[in-house]
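**Q** Residue-level listing of the chains:
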Amino acid sequence: DAGVIQSPRHEVTEMGQEVTLRCKPISGHNSLFWYRQTMMRGLELLIYFNNNVPIDDSGMPEDRFSAKMPNASFSTLKIQPSEPRDSAVYFCASSFGLLQEQYFGPGTRLTVT
Amino acid sequence: AQKITQTQPGMFVQEKEAVTLDCTYDTSDQSYGLFWYKQPSSGEMIFLIYQGSYDEQNATEGRYSLNFQKARKSANLVISASQLGDSAMYFCAMIDTNAGKSTFGDGTTLTVKP
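Chains as they are written, first to last, in my numbering: chain A, 221 to 333; chain B, 26 to 139.
So that you can see chain B by itself, here it is in the shape it has in the complex:
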C-alpha cells in the first residue's frame, strides 16, 4: 500500500526567503508519479509540480522545484523567493502507475511573514 508522510504540520518563512516542505513516500512500485498541490484559504486545489519516478532530473516550475531523492524516497518541495501569496496548505501526493490510484499526505500549512 502507498503512504505519503508530511512531517511538518506548519512552517513559517520570511518573505523573499526559500523554504523546503518535506515529503516522504512509501511504495513497492518501481513506476510512480509524485505531485505537489497548493490549497489556499479559498479552498481550491492548485497543481504545482510533477515528478515521474524515472525522471532523472528534478522537476522545476518557476519558483517551485522538487528535490527528488529516489533512494531515500523523498520528494521535497522547494519554494524560492517566498511571497505572501504563497501562504497556503501544501499537499504532497503520489500516484500508482499500475492502477492509477492516488494518495495524498496530510498537508503542511505554510505561512509567509512580511
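In isolation and in its complexed conformation, chain A is listed as follows:
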C-alpha cells in the first residue's frame, strides 16, 4: 500500500511567488496534518484536518498560509506570497483517527530565494 504522497519533493521559488504543496494521505485515513521543520524552530504543527474539516489552524504562521482539503484523498498547503523565511521542509502526515499514530510523507523541501 502506498504511503503518504507529497509533491513536489523539492521546490525553489523566488520571493513573492505563490507556492502550492500537495498531499495525498494514506487511503482510509481520516486525519491529515501539515508540519513545517526548520533547524531553528524544529517540527511545528501548522494545521490539521479530521474528516476533511480543519480542526485547528493556530499553527499557521501568517495569513499568507492557507490549507484546504477538498476531499478525503487530497490536501494543499499554499503560501502566497512566499518569503525567504518560509524556506523549510514541509511534511504532510495522515492517521486513522486523530489519536492514532501519524504516518509521514517524504516532505517537500521549499527554498525561497
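Don't read these hints as lab results, they were simulated from the structure.
Each hint should be verified, as a subset may be incorrect.
[As the list claims (entries may be wrong)] Straight-line alpha carbon distances no greater than 30 Å define the calculated DSBU-like cross-link-like pairs of lysine-lysine that follow: (1) B:95 - B:41; (2) B:95 - B:28; (3) B:28 - A:288; (4) B:138 - B:41; (5) B:95 - B:126; (6) B:28 - B:126; (7) B:126 - A:244; (8) A:244 - A:288; (9) A:298 - A:244; (10) B:41 - B:98; (11) B:98 - B:126; (12) B:126 - A:288; (13) A:298 - B:28; (14) A:288 - A:298; (15) B:126 - A:298.
Note that the structure is a prediction, hence the values are computed from the model and not measured.
Put chain B on the given structure of chain A with help from the hints.
**A** For chain B alone, coordinates are given in the frame of chain A:
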C-alpha cells in the same frame, strides 16, 4: 498547553548495547497519546512506537520499548541491541486526545558506534 522536553541533544552508544532516550511531557489532560519517531539523515519521519495514557503496560515494538512512568510524566524510549542503522534523530511527541493537537520535542541525535 502541552510541552515535550528532550534533554539530550546528542547521545552515543556502542553497537549491540542498549540505550535510553529521555522524554518528559507536561499536560493537564488525563487522556493523551505519546509517540516516538525516527528521522534518519535521509529526512523521512518513521513511526516507532505509541503509548496511550491509560495503557497499563509499557508498549513494545521489536527492539523498541517505551518506559512509561505516568506519575513522573516521562516516556523514555529504550532501544535494545543497537545497530548502526539506528543512528538518527529521535523525536518524542504527544497528542492531546481532546482536540487532537500534536506537539513534538526538539529531538535527540543518536549515534551508534561500531
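**Q** It remains to establish, for every hint, whether it holds in the given structure.
**A** Each hint, compared with the structure:
Simply put, residue 95 of chain B and residue 41 of chain B have alpha-carbon atoms about 29 Å apart, close enough for the 30 Å limit, and the pair holds. Pair hint residue 95 of chain B plus residue 28 of chain B holds up; C-alpha atoms about 15 Å apart against a cutoff of 30 Å. About 27 Å separates the Cα atoms of residue 28 of chain B and residue 288 of chain A, which keeps this hinted pair within 30 Å; it holds. Between residue 138 of chain B and residue 41 of chain B the CA atoms are separated by roughly 9 Å; this keeps the pair inside 30 Å, and the hint holds.
Distance restraint check for residue 95 of chain B and residue 126 of chain B: the Cα-Cα separation of roughly 20 Å lies within the 30 Å cut-off, and the hinted pair is therefore satisfied. Among the hinted pairs, residue 28 of chain B with residue 126 of chain B is consistent with the structure: their alpha-carbon atoms are about 12 Å apart, no more than 30 Å. For a cut-off of 30 Å, the pair hint linking residue 126 of chain B to residue 244 of chain A stands: about 20 Å separates their Cα positions. With a C-alpha separation of about 12 Å, the suggested pair residue 244 of chain A and residue 288 of chain A falls inside the 30 Å cut-off, and the hint holds.
Between residue 298 of chain A and residue 244 of chain A the alpha-carbon distance is near 15 Å, which keeps this suggested pair within the 30 Å criterion. At most 30 Å may separate the alpha-carbon atoms for a hinted pair to count; residue 41 of chain B and residue 98 of chain B meet this at roughly 29 Å. Pair hint residue 98 of chain B plus residue 126 of chain B holds up; C-alpha atoms about 18 Å apart against a cutoff of 30 Å. Proposed proximity of residue 126 of chain B and residue 288 of chain A is supported: the alpha carbons are some 18 Å apart, at most 30 Å.
Simply put, residue 298 of chain A and residue 28 of chain B have alpha-carbon atoms about 28 Å apart, close enough for the 30 Å limit, and the pair holds. About 9 Å separates the Cα atoms of residue 288 of chain A and residue 298 of chain A, which keeps this hinted pair within 30 Å; it holds. For the hint linking residue 126 of chain B to residue 298 of chain A, the alpha-carbon distance of about 21 Å falls within 30 Å, and the restraint holds.
The structure meets every hint from the earlier list without exception.
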